[in-house]
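Produce the entire structure from the sequences given, and follow the hints as far as they go.
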Amino acid sequence: MSKTTGTVKWFNAEKGYGFIEVPGSDDVFVHFSAIQGEGFKSLDEGQRVSFDIVENDRRGVQAANVEKL
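Numbered by this note's numbering, the letters in the sequence shown go through residues 1247 to 1315 in order.
The set of hints was computed from the structure by calculation and includes no laboratory data. Any given hint could turn out to be false.
List of simulated lysine-lysine pairs, DSSO-like, C-alpha gap at most 30 Å [unchecked claim]:
| # | residue 1 | residue 2 |
| --- | --- | --- |
| 1 | Lys1255 | Lys1314 |
| 2 | Lys1287 | Lys1255 |
| 3 | Lys1287 | Lys1249 |
| 4 | Lys1261 | Lys1249 |
| 5 | Lys1287 | Lys1314 |
| 6 | Lys1314 | Lys1249 |
| 7 | Lys1314 | Lys1261 |
| 8 | Lys1261 | Lys1287 |
Quick look at the structure:
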């Protein structure tokens, strides 16, 4: 399955979550635990990312395996 690419719409580092904007689709929820890499896991507004979309019972879809581009 190919990864989806998008742009971080906003991310609240204190709360540890935000949303990724995907052209032609709904915004995708992202939790800090889905961000790949070492150290402090945060995303910057406007940052390009690639990710997998997974189903979540509580929120619909969310991002997984998020990688900064």
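Structure-based check of all given hints:
A distance of roughly 14 Å separates the Cα atoms of lysine 1255 and lysine 1314; the hinted pair therefore holds under the 30 Å criterion. A hinted pair counts as satisfied when its Cα atoms are at most 30 Å apart, and lysine 1287 with lysine 1255 qualifies at roughly 16 Å. At roughly 20 Å between alpha-carbon atoms, lysine 1287 and lysine 1249 fall within 30 Å of each other, so this suggested pair holds. A distance of roughly 25 Å separates the Cα atoms of lysine 1261 and lysine 1249; the hinted pair therefore holds under the 30 Å criterion.
With a C-alpha separation of about 11 Å, the suggested pairing of lysine 1287 with lysine 1314 holds against the 30 Å cut-off. Using a Cα cut-off of 30 Å, the hinted pair lysine 1314 and lysine 1249 holds, with the two alpha carbons roughly 12 Å apart. Only pairs whose Cα atoms come within 30 Å are accepted, and lysine 1314 paired with lysine 1261 is accepted, the gap being roughly 19 Å. A C-alpha spacing of about 12 Å is found between lysine 1261 and lysine 1287, which places the hinted pair at or below 30 Å, so the restraint holds.
The structure agrees with every numbered hint stated previously.
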